[in-house]
Amino acid sequence: MSNEEEHEERNREARNEETTDTAPQKESAPGAEPDAVEATEAKVETLAEPAPAEPVVEEEEPALVRAAYEHPLPIRITHWVSAISLFVMVTSGLRIFRAFPSFGPKIPEKVLLDIPKSLTLGGWLGGALQWHFTFMWFFAASGVFYVAYQAISGHYRTMLFTPRDISGVWPMARHYFFFGPKPPATGQYNPLQKLAYTSTIGFGALSLLTGIVLYKPVQFSWLALLFGGFHLTRVWHFAAMCGFLAFIPGHLIMVLLHGWSNFFSMLSGWKREPEYQE
Amino acid sequence: MVTRLEDKELKRRSRRQLLKLAPVAALGILAFPKVSDRLVAAGVRFSDWKSGGLFRSQHLAPTFSDSEVVAFAKFPYNYYDVLDPGVDLEKWTLTVAGDVQRPGEYTLAQIQALPKISQNTRHICVEGWDVIGSFGGARISDFLRLVGANTGARFLEVECVDDYYESIDMASVLHPQSLLCYEMYGQPLDRGHGAPLRLQMPTKLGYKQAKYLDTIRVTNVLKPGKTGYWEDQGYSWFGGL
Chain A
1 MSNEEEHEER NREARNEETT DTAPQKESAP GAEPDAVEAT EAKVETLAEP
51 APAEPVVEEE EPALVRAAYE HPLPIRITHW VSAISLFVMV TSGLRIFRAF
101 PSFGPKIPEK VLLDIPKSLT LGGWLGGALQ WHFTFMWFFA ASGVFYVAYQ
151 AISGHYRTML FTPRDISGVW PMARHYFFFG PKPPATGQYN PLQKLAYTST
201 IGFGALSLLT GIVLYKPVQF SWLALLFGGF HLTRVWHFAA MCGFLAFIPG
251 HLIMVLLHGW SNFFSMLSGW KREPEYQE
Chain B
1001 MVTRLEDKEL KRRSRRQLLK LAPVAALGIL AFPKVSDRLV AAGVRFSDWK
1051 SGGLFRSQHL APTFSDSEVV AFAKFPYNYY DVLDPGVDLE KWTLTVAGDV
1101 QRPGEYTLAQ IQALPKISQN TRHICVEGWD VIGSFGGARI SDFLRLVGAN
1151 TGARFLEVEC VDDYYESIDM ASVLHPQSLL CYEMYGQPLD RGHGAPLRLQ
1201 MPTKLGYKQA KYLDTIRVTN VLKPGKTGYW EDQGYSWFGG L
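Same order as they appear, the protein sequences are chains A and B. Going by this note's numbering, the letters in the first sequence line up with residues 1 to 278, in that order. Going by this note's numbering, the letters in the second sequence line up with residues 1001 to 1241, in that order.
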């Protein structure tokens, strides 16, 4: 059976399921919870119709669109707050780094890289610190809330990279670099996406913890030990930013390639005609 | 979880969900400098307030063995105006003012008569570099007791010979590692490092640790726009580590 035939087949199966058995849909998607009320209302309407009497007529109803409520409101809010905060943290952070662009001693100072002023925010060290010290709170709050929401809602299952995903990373990467077939979509995110998104949580946690040490090295001297001391913590903090800088271009390119409906889903939550089946 | 909806219904739900996100769009006002200036100023005030809460008056900054101290030649000279403001070391006295029982002029000898504290601590600059140095001096708290200062007051203001000025919260001033420093590496403070007397506080960033001290004042009120040379230009006032 070819891939397309298989899709068709599964589509038909899915439709049958929908007309014969309504229960699974009602309990659908823990992620769809914010819409639970709406979904139930819709269900009540359809149930009120004498559905079982004329199933054939029902099939003739206006064409239905396949859609998935992919991103619950807390995810969308934290995504955009984090995106803005991250932009501010990176650009102001680069300005702060510019004041001492080295990881070595002050004497003699070896300039590691000269960051163009145009890429930075704040105008001068003091201005950049103001941005950094303001948006660190938004970044931290958004990150902590995001992780807590993912953990409590169980929604993390759509995106958390687990050992099972390891084998799927390479085929996906191969496909993206134009020398492999597209692996079938099995869920909201493919293994490479899961790896990327899970990594960003790691980068976020690293930047937050190292940031705490750099901001309060005396009060959190015990935490500094975890990163090999105050001096090395600055390197880790920078490394966490490099992680984000590695992620962001790929993320933006993918968003551009996948078009409006995909992008719009991070605004409205709903994705029209998702690639995956269930 | 894929569901099937009428096109109209999908659009309606998308629209409703999109509207719920509208408050985030309010962040767009950050594009206006007038708004963002006020926001980040408030952000720094909030951070300072939180920092004051995090400060533990008896929690010591890490100290280091002599072998971990950086060579004296590698301890940077940092200054905002001139490296040597030409202090007359012979005639120098520290002026004490404000909420104290015994205001007036105090000599270096009087400060050196207080118990001497020697400590190897990390000096951290707001720019990002840090050096472990060796410092000696008297506890500020001991000196404040000597002059009969009201340590229940909120701030210590300092003025320097080079017109630098600072103000520091009393809790940090009274910290056991906060020194009126007159020695580095076992030698009298040299002119570049703030002779004859500077603040040395491992719980504070470098710019709080004023050099070439001239006057200290115990007070409950800070003049707005006169809280510290760099702070008045935008640095965090608390500057605590």
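Some clues are possibly wrong.
What the hints assert, rightly or not - Restricting the straight-line Cα-Cα distance to at most 20 Å, the calculated cross-link-like pairs of lysine-lysine (PhoX-like) are:
#: 1; chain 1: A; residue 1: K110; chain 2: B; residue 2: K1074
#: 2; chain 1: B; residue 1: K1020; chain 2: B; residue 2: K1008
#: 3; chain 1: A; residue 1: K106; chain 2: B; residue 2: K1020
#: 4; chain 1: A; residue 1: K216; chain 2: B; residue 2: K1223
Please keep in mind that the hints were generated in silico from the structure rather than gathered at the bench.
Tested hints:
Straight-line distance between C-alpha atoms of K110 of chain A and K1074 of chain B comes to about 14 Å, which keeps the hinted pair within the 20 Å bound. Distance check on the hinted pair: K1020 of chain B and K1008 of chain B sit about 19 Å apart at the alpha-carbon level, within 20 Å; holds. Taken as a hint, the K106 of chain A and K1020 of chain B pair is broken in the structure, with Cα atoms around 50 Å apart against an allowance of 20 Å. Of the supplied pair hints, the one linking K216 of chain A and K1223 of chain B is violated, its CA atoms being roughly 27 Å apart against a limit of 20 Å.
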